[in-house]
Amino acid sequence: MLLLLFETSDGRYALDSKQIVEIIPYLVPKKIPGAPDYVAGIINYRGEPVPLFDLCILSGGTSCRHFYSTRIILVHYPMSQEKDRLIGMIAERATDVFRCSETDIRSSGILLGKGSTSGAIKSDQDELVQLYNVPRMISTDVVRELF
Amino acid sequence: MAFQFAKKVSVRWRLLGFIFCLLFFIALSGTGGLLGMRDTKLSLSMVYNSNVKPIEEMRQIKELLMYDVSNSVEKVLYEQITWGEAVKRVKAATLKIDKKMNELISVANESGNGADNWLSKDLSMFDNSKTMVMEVLAVLQENDTAQLHGFFNQRLEPFLEDFDIRINSLISGRIAAVKKEYERSEKRYAWSKGAFWATIVVGACVALSVGFFLMQSINDLLKRLTKAINVMMKGDLTHKLDYDIDDEFGALIEGFNQMTDYLEDLIVQIRHAGIQVTSSITDIAASTHQQEATANEHAITVSEIAASTNQIAATSDNLMTTMKKVNSLTKNAAVAAEDGHAGLINIDETMVQMEKSTGSIVNKLSVLSEKADDIAGVVKTINKLADQTNLLSLNAAIEAEKAGEYGMGFSVVATEIRRLADQTAVATYDIEQMVQGVQSAVSSAVMGIDKFAKDVRVSVENIREGSGKMEVVIERVQILRPHVNTISDGIEAQSLGAKQISEATGQINSAAQQGAESIRQVSLTIERLQQAAQGLQKAVSKFTVE
Numbered sequence: 001m002l003l004l005l006f007e008t009s010d011g012r013y014a015l016d017s018k019q020i021v022e023i024i025p026y027l028v029p030k031k032i033p034g035a036p037d038y039v040a041g042i043i044n045y046r047g048e049p050v051p052l053f054d055l056c057i058l059s060g061g062t063s064c065r066h067f068y069s070t071r072i073i074l075v076h077y078p079m080s081q082e083k084d085r086l087i088g089m090i091a092e093r094a095t096d097v098f099r100c101s102e103t104d105i106r107s108s109g110i111l112l113g114k115g116s117t118s119g120a121i122k123s124d125q126d127e128l129v130q131l132y133n134v135p136r137m138i139s140t141d142v143v144r145e146l147f
Numbered sequence: 001m002a003f004q005f006a007k008k009v010s011v012r013w014r015l016l017g018f019i020f021c022l023l024f025f026i027a028l029s030g031t032g033g034l035l036g037m038r039d040t041k042l043s044l045s046m047v048y049n050s051n052v053k054p055i056e057e058m059r060q061i062k063e064l065l066m067y068d069v070s071n072s073v074e075k076v077l078y079e080q081i082t083w084g085e086a087v088k089r090v091k092a093a094t095l096k097i098d099k100k101m102n103e104l105i106s107v108a109n110e111s112g113n114g115a116d117n118w119l120s121k122d123l124s125m126f127d128n129s130k131t132m133v134m135e136v137l138a139v140l141q142e143n144d145t146a147q148l149h150g151f152f153n154q155r156l157e158p159f160l161e162d163f164d165i166r167i168n169s170l171i172s173g174r175i176a177a178v179k180k181e182y183e184r185s186e187k188r189y190a191w192s193k194g195a196f197w198a199t200i201v202v203g204a205c206v207a208l209s210v211g212f213f214l215m216q217s218i219n220d221l222l223k224r225l226t227k228a229i230n231v232m233m234k235g236d237l238t239h240k241l242d243y244d245i246d247d248e249f250g251a252l253i254e255g256f257n258q259m260t261d262y263l264e265d266l267i268v269q270i271r272h273a274g275i276q277v278t279s280s281i282t283d284i285a286a287s288t289h290q291q292e293a294t295a296n297e298h299a300i301t302v303s304e305i306a307a308s309t310n311q312i313a314a315t316s317d318n319l320m321t322t323m324k325k326v327n328s329l330t331k332n333a334a335v336a337a338e339d340g341h342a343g344l345i346n347i348d349e350t351m352v353q354m355e356k357s358t359g360s361i362v363n364k365l366s367v368l369s370e371k372a373d374d375i376a377g378v379v380k381t382i383n384k385l386a387d388q389t390n391l392l393s394l395n396a397a398i399e400a401e402k403a404g405e406y407g408m409g410f411s412v413v414a415t416e417i418r419r420l421a422d423q424t425a426v427a428t429y430d431i432e433q434m435v436q437g438v439q440s441a442v443s444s445a446v447m448g449i450d451k452f453a454k455d456v457r458v459s460v461e462n463i464r465e466g467s468g469k470m471e472v473v474i475e476r477v478q479i480l481r482p483h484v485n486t487i488s489d490g491i492e493a494q495s496l497g498a499k500q501i502s503e504a505t506g507q508i509n510s511a512a513q514q515g516a517e518s519i520r521q522v523s524l525t526i527e528r529l530q531q532a533a534q535g536l537q538k539a540v541s542k543f544t545v546e
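Protein chains in written order, with the working numbering: chain A, 1 to 147; chain B, 1 to 546.
Calculated directly from the structure, the hints in this document are not laboratory data.
Every residue, glycine too, gets a C-beta built ideally from N, C-alpha and C.
Any given hint could turn out to be false.
[Stated by the list, open to error] Have a look at the derived ranges for each label pair, beta carbon to beta carbon:
| id | chain 1 | residue 1 | chain 2 | residue 2 | range |
| --- | --- | --- | --- | --- | --- |
| 1 | B | LEU385 | A | VAL28 | 20 to 26 Å |
| 2 | A | HIS76 | B | MET434 | 39 to 45 Å |
| 3 | B | ALA427 | A | ARG136 | 22 to 28 Å |
| 4 | A | HIS76 | B | ILE431 | 37 to 43 Å |
| 5 | A | VAL28 | B | GLN423 | 27 to 33 Å |
| 6 | B | MET434 | A | SER139 | 42 to 48 Å |
| 7 | B | VAL413 | A | ASN133 | 52 to 58 Å |
| 8 | A | ARG46 | B | GLY448 | 51 to 57 Å |
| 9 | B | LYS384 | A | HIS76 | 24 to 30 Å |
| 10 | A | ARG46 | B | ILE431 | 30 to 36 Å |
| 11 | A | ASN133 | B | GLN423 | 28 to 34 Å |
| 12 | A | VAL28 | B | SER360 | 42 to 48 Å |
| 13 | A | ALA35 | B | SER360 | 54 to 60 Å |
Okay, chain B solo, but in the shape it has when bound (with noise of 0.2 Å):
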């Protein structure tokens, strides 16, 4: 019956209910404890407040008596203090003393049903008490030791004898009511405790059957559906779970149910998929092979180019280098032809230097010639001379020869005269000879002179020419010189270039070896896929659809 009740209600309110009732049986337990435990803290106020405390104020008023105004009273005898002390010191307990038996009277009174409590049988003891105070301090008041003395013999000590015996059987009394309450907690507990275990006992009771038949109803479906997982589990999805309550549980058969639909769409759809997937990865590998192949053929390109590159950029370098020798080449060159533009300008100058003295040497030969021609017409007069003196040393010869005996002197003189003559003929001959030499020399040495002049002004011609000629050389060199560096600096860009080129197509080559390794990867991983396909086709040929 209970597990049919169980079925008709959700597992929540299930669940709940079993909790409800086992905090019911914890709440009346624990009301229990709770009300024993008030009683308890009850007797023991009222032991502490009607018992402990009016045995104390009894005892110090006890005290009061016995040790202030008695003994001050006995001081006074043995004349200790002074009468006035002793009076002060009795006036202060006799405050004291009615200050406690008030106390004593208000919880007397709270502890028992007004004047028909314990102490009601004692109070004309308090009073006597009193009226003893009173009478001490009127005998004290007297100052008369005789009377004092006997007064403390005949009434304060038997007074106070009285008193002590009357108050330790008031604290009996108190003892014994303390006792009694004690055996009336006694019996209290004795039926707490009882209580207390038929209410646990109760209480385990039923929290242990209301549970049972709570894990029955839950158990019993737990079953059937470890049985459909584990059906599920070996693949079959096409077991399907019956329940007919409308509870949690429904909802979970139902989305179990739901869910082994779904799961064997999902299978279909996954073999479907997997079949698709192996056709698309042969597809992929078979692309992949040849984007590997195109990647290798990529790479011995790239590696070509690298090649040529390099080679590029060491012929670039070399040509750099040459540059920069012909840089320098049409730099001396520079230099050179303008120290020869220099030595040039510097020869011209000598040249014509050479030229002025030329002409000015021709000038002196010509003086030299003319004098020579002088000397030559000197000679000439000479010679005219010499042969007038000749031809009259002649005729005189003859003439004496022609006067016989009478010119013989004559004739002696005349051929003496010829003599002379003949001699300055000889050496008017001589000086002709040397006038002709000299005259020879002359026009020998102008006309090499003219002739080296002539050939200096050619030289001057020609260095002139050549003086042309190398600055313009010079200039086309100074154009050159930023043509070549021109040339040098382009190389050298190009040379940069190419090494850059070089050190681009490294990288190419190097990412296209990276790529061709990636393609390796991915035929690796495509292969890998594969095998996880046919892992995957193999895992859904377990599963049993419909």
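Just chain A, same shape as in the assembly (with noise of 0.2 Å):
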């Protein structure tokens, strides 16, 4: 499987590129009056509105820094009973994937109420990474009010 990697304010993080649309560069969201912190605003993406999530202020932190290598990754978040929604996510440093086996994922043997990983990988420069789980850190009722 190939993961994407990339880094929040409080690491490391790995995303299945299966559920990655396309990867695109920074773009200066429209704000959404009302919204969380994390909700940095919506983008037109193709035609179609879609809400930015900033991890870094969802790991945490002071919002993402605006680097050639922040970027927007979009990905399908999947919704139990009805179609998946498109949204994107602002990472820092998203510029390389990661190519392992799904045994080589190890589960970190914590699960949070509201945690925001599953399971950690090693990566080849012996660096632990943790495979980012998207509802898991973004709730589906956020999801659902923005639509």
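Need the complex rebuilt from these two chains, each delivered in its own frame; the hints are there to steer you.
The following block contains the structure:
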């Protein structure tokens, strides 16, 4: 499986490429009044409004810094009863992919109620990378409210 | 009687009378002598004229007859001369005999009484001789030797013998006359001698007696006068002389008495004056002592003044030396200030150049900064491109993954592309780092240069200010120099003046010492004067006055 590596304010994460629709450069989003901090706004992706989530804020830090490597990752957000939603996540250093097998992924053994990640992998640089679990990080309610 | 007479005639007339008396006797004896001499002279001339002269003439006549006439005849007889020659000789002799005979006759006439003289008896003899000569001439003119020979033997020879005898008797008569005259003179001399001695004796007696009376008359008066003077010499001025005759001695004694009176007055005055002089001398001595004290004080004061003046002179000398040093220092200072000024101007110029240089450096740096910015822009673009390439490769990898096994090859390409993009990104990152370093260096350099330029500007300002101050200093120093010179001159003049004062005080000092010395001498003189006054008083006290 192919994993996209990126960083938030609290470390390095990986995301399964199967969920990813496209990676695009950072765009200045349209702000949504009254939305939570981690909702950066809405962008126009090929005629379709897509909500943007700031993963750095979501990780409990400040908003992501605007480097070239700071990009918007468009993913399919799985909805249980409805059609998947397309959302964008702003993450830093989304520049590399990492190929590994499913077996390489070990469970962290800790499951928090609103935990951010699921499982941990070891990258080729002896770096511990956590697998980012989107539905866990971004609640369905929020996504639903946004649409 | 003579004394009484002498008393009545004045001394002058007495003396004159005495002298005339002496002159009378001298004249008397002189006249006697003169008369005697005249007699002697007369008798001598008589002896010569009437005795000696005729003797000589008679002898010459005899010789003429004997030699010229007789000899000529003899020579003719012996044929030694011609007849003519003999005639000539006899004629010449005849003329000479005539002349001599005439002279003889005139002399005889003078001495005797006309024809009644010693020659009158023998005149015929001379006439005979004339006739004889005529006869000789006549015989000679005959030129007959026998006749001449006969004539010579019978006539001439006897005549000549007779003539010779008679001439000799005449000469004897004359010598007897001379003897007679001599006897007469001797008698006269004896008389004259007696008269002379008588005159001498009488004159001497008269002169002695007159002289004695004269001496007596003068001597008496002189004795009285001497006595009076002796009395006066002993100091008694009260004695007066009496004299009733109105002659020179009367005047003398009157003068003497008057002189004594004057002397008496004088002595009295001298006594008073002596007392006054003594008291005055005492006063003068006192004031001289005071003067001496004052002079000594003066001398001390002058010495002090001299000492202080010397000190002033020394101080002035020191001051002068110091002023000379100051002068040279100010000169040096002026030179140094001028040098400093020039240096400051140089620094100013250098600073201005430096300012310009910093400006150009800033320009260069800004150009560099621009270039760095350009590089940064390029790097940004490259970065952007690398980023987009990366993004593209990511998306391509994801799409290849989605394609499953069909996308495997594409996935490899995507990975390669991404690696290239990553390397590019890394390289650009390095470049970016470098550019950032350059930019920060440039900006810090610009800042440094700006600061430097500011410093330079401040320095230039400071230097200009300093230069201005230095100019003021130079001006002050240059103003100061003439003042220093003036002060130096003044001090020199002061030093000179002090030296002159010192010399002058030295002169005053010596003058004061001389003054003190003269005062001492004056006091000595006063002492002597005092002694003299005392001597005077003592001397005056010898005199007895009324």
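Each hint, compared with the structure:
1. B:LEU385 with A:VAL28: 20 to 26 Å: holds, 21 Å
2. A:HIS76 with B:MET434: 39 to 45 Å: holds, 43 Å
3. B:ALA427 with A:ARG136: 22 to 28 Å: Violated: the Cβ-Cβ distance is about 38 Å, outside 22 to 28 Å.
4. A:HIS76 with B:ILE431: 37 to 43 Å: Roughly 39 Å apart at Cβ, these two residues keep to the hinted range, so it holds.
5. A:VAL28 with B:GLN423: 27 to 33 Å: holds, 30 Å
6. B:MET434 with A:SER139: 42 to 48 Å: holds, 46 Å
7. B:VAL413 with A:ASN133: 52 to 58 Å: The hint (52 to 58 Å, Cβ to Cβ) is violated, given that B:VAL413 and A:ASN133 are roughly 31 Å apart.
8. A:ARG46 with B:GLY448: 51 to 57 Å: Given about 53 Å between the Cβ atoms, the range holds.
9. B:LYS384 with A:HIS76: 24 to 30 Å: holds, 28 Å
10. A:ARG46 with B:ILE431: 30 to 36 Å: holds, 35 Å
11. A:ASN133 with B:GLN423: 28 to 34 Å: Holds: the Cβ-Cβ distance is about 32 Å, inside 28 to 34 Å.
12. A:VAL28 with B:SER360: 42 to 48 Å: 43 Å Cβ-Cβ, so the 42 to 48 Å window holds.
13. A:ALA35 with B:SER360: 54 to 60 Å: Roughly 57 Å apart at Cβ, these two residues keep to the hinted range, so it holds.
Hints 3, 7, counting from the list given before, are not met by this structure.
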